[in-house]
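Enquirer: Here is how the chains run, residue by residue.
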Amino acid sequence: MSVFMDLNLSFTADKRVLQSLVETAAHLCLCLQEIPTPTPINKLIDRLPIVQGRSRPIRVLNRLTVVMSDSSHFRPNAVEYRSFDLLAVRPTTEKLFHAACMLYDVDIICICVTEKLPFFFKRAPVSGAVDRGVAFEVSYSAAIRDASMRRYTIANALSLMDTCKGKNVILSSAAEKALELRGPYDITNLGLLFGLSDGDAKEAVSSTCRSVLLHAESRKTASGVIYTVKSSSEPGTPAAKRAKTT
Amino acid sequence: MRRADKDDKPTVYQRVVLKNASPHHYMKIHLVLQDASTRLSAVELKQFIITGLKSLYGEVGAALNFDLLKYDEDTLTALLRVYSRGLVKLWSSLTLLGSYQNQACAFRVLQVSPFLLSLTGNSRDLQLD
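Residue numbers (my numbering), protein chains in the order written: chain A, -16 to 229; chain B, 55 to 183.
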């Protein structure tokens, strides 16, 4: 199983707020998160907090979310986009949603959760996006902030799940304050409310996020990325975990 | 060697086997408030949780049975018991509770288990050598 991730944290100019946000995320066992700014995180925070339960510091990436109301807002292969690790779009019309699903070279399509859905999700673009490995993002912090936003979040999430059947959905926070973050198991449980199955809800915070990251990496290269993992039994591993040789 | 004040009966062990899913689930929760000096009594906390249930699930959700078994006012940590079929409802309403008396708050669910005994320790806090 891959680590838990939160792929959307809002950037705030206040360094103290940002620090507490990152620290809370690390405490809640989240491993990766995004800050929509092209500055590397080392300049903002000196020492990254250690993730609870793993002796590794939290990994922070940069993400850009383009809000599109016109097709000229997204410029494919623009130089500015290269400095971001993740690229997300939020289409506001059906035509743009179709184009984002089928054509644009992005990693994440954000589903609007703060207002009534301006269009229906059709099966063809959604399954096209699933085939291309583009993920749909539902963020939950608006649901925590306000009761009417909560209605829209649940309604829009449910109508998305009707169409995509829980595939390629990620749940993220879009939190501005540390108190808007929730733990990964809380979000998994919240996914049940959004119409995901048990397995899909857990994947929405772990392995789908990982595939989004790999998709983002392959966007930068010609075709794909390969990871190699050492699978030898070194003498450093405890005897109980070593394969038996008789 | 037996202690004098105890009776002579050997210690009785009881083995409990659950054939079906356990009837209850237990949750250990911690309330984080923006203003850390705010204190809630146990009644206020339960009322607050019921308010959350009611705002998310309405009158039917507010009728969900759950018990506040133990509550520590100083650390704002509580133990809840809920019927297993109500766990998802209770948990999601705790997740979506975001404000207490116009200040931001968050429930951190520390542990969830069908057995009360397993909430005595947390395997994630163990210091392994």
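Just so you know, the hints here were simulated from the structure itself, not pulled from any lab data.
Each residue gets a CB set at the ideal place from its N, CA and C atoms; glycine is no exception.
There could be a bad hint or two in this list.
As the list claims (entries may be wrong) - Each computed DSS-like pair below joins lysine-lysine, with the alpha-carbon atoms no more than 30 Å apart:
hint	chain 1	residue 1	chain 2	residue 2
1	A	Lys185	B	Lys108
2	A	Lys203	A	Lys213
3	B	Lys100	A	Lys160
4	B	Lys73	A	Lys185
5	A	Lys160	B	Lys108
6	B	Lys100	A	Lys185
7	A	Lys150	A	Lys185
8	A	Lys148	A	Lys99
9	A	Lys148	A	Lys213
10	A	Lys185	A	Lys203
11	B	Lys124	B	Lys100
12	A	Lys99	A	Lys150
13	B	Lys124	A	Lys99
14	A	Lys203	A	Lys150
15	A	Lys105	A	Lys78
16	A	Lys78	A	Lys160
17	A	Lys148	B	Lys108
18	A	Lys78	A	Lys203
19	A	Lys105	A	Lys160
20	A	Lys160	A	Lys213
21	A	Lys99	A	Lys78
As the list claims (entries may be wrong) - If you want a taste of the chain B side facing chain A, the calculated C-beta under 7 Å gives, among others:
hint	residue
22	Leu130
23	Thr149
24	Ala160
25	Val163
26	Leu180
Enquirer: Between Lys185 of chain A and Lys108 of chain B, does the CA-CA distance stay at or below 30 Å?
Expert: holds (26 Å)
Enquirer: Please verify whether Lys185 of chain A and Lys203 of chain A have alpha carbons no more than 30 Å apart.
Expert: Given that 30 Å is the threshold and the Cα spacing comes to 28 Å, the pair holds.
Enquirer: Within a Cα-Cα threshold of 30 Å, do Lys124 of chain B and Lys100 of chain B meet the stated pairing?
Expert: Satisfied, since the Cα-Cα distance of roughly 11 Å is no more than 30 Å.
Enquirer: Are the Cα positions of Lys160 of chain A and Lys108 of chain B separated by 30 Å at most?
Expert: holds (25 Å)
Enquirer: Between Lys148 of chain A and Lys213 of chain A, is the straight-line Cα distance small enough, at 30 Å or below?
Expert: violated (36 Å)
Enquirer: Could you grab the alpha-carbon distance between Lys203 of chain A and Lys150 of chain A and see if it respects the 30 Å cut-off?
Expert: holds (24 Å)
Enquirer: Starting from Lys148 of chain A, check that the Cα of Lys108 of chain B is at most 30 Å away, please.
Expert: Given that 30 Å is the threshold and the Cα spacing comes to 29 Å, the pair holds.
Enquirer: Between the alpha carbons of Lys148 of chain A and Lys99 of chain A, is the straight-line distance 30 Å or under?
Expert: holds (21 Å)
Enquirer: Would you mind confirming whether the straight-line C-alpha gap from Lys105 of chain A to Lys160 of chain A stays at or under 30 Å?
Expert: Not satisfied, since the Cα-Cα distance of roughly 34 Å exceeds 30 Å.
Enquirer: Going straight from one Cα to the other, do Lys73 of chain B and Lys185 of chain A come out at no more than 30 Å?
Expert: holds (26 Å)
Enquirer: Is the interface hint satisfied for Thr149 of chain B? The criterion is a beta-carbon contact with chain A at less than 7 Å.
Expert: Hint holds; Thr149 of chain B Cβ to chain A Cβ min 4 Å, cut 7 Å.
Enquirer: Between Lys78 of chain A and Lys203 of chain A, is the straight-line Cα distance small enough, at 30 Å or below?
Expert: holds (26 Å)
In terms of the numbered hints stated before, the structure departs from hints 9, 13, 16, 19, 20, 22 and 26, listed from lowest to highest.
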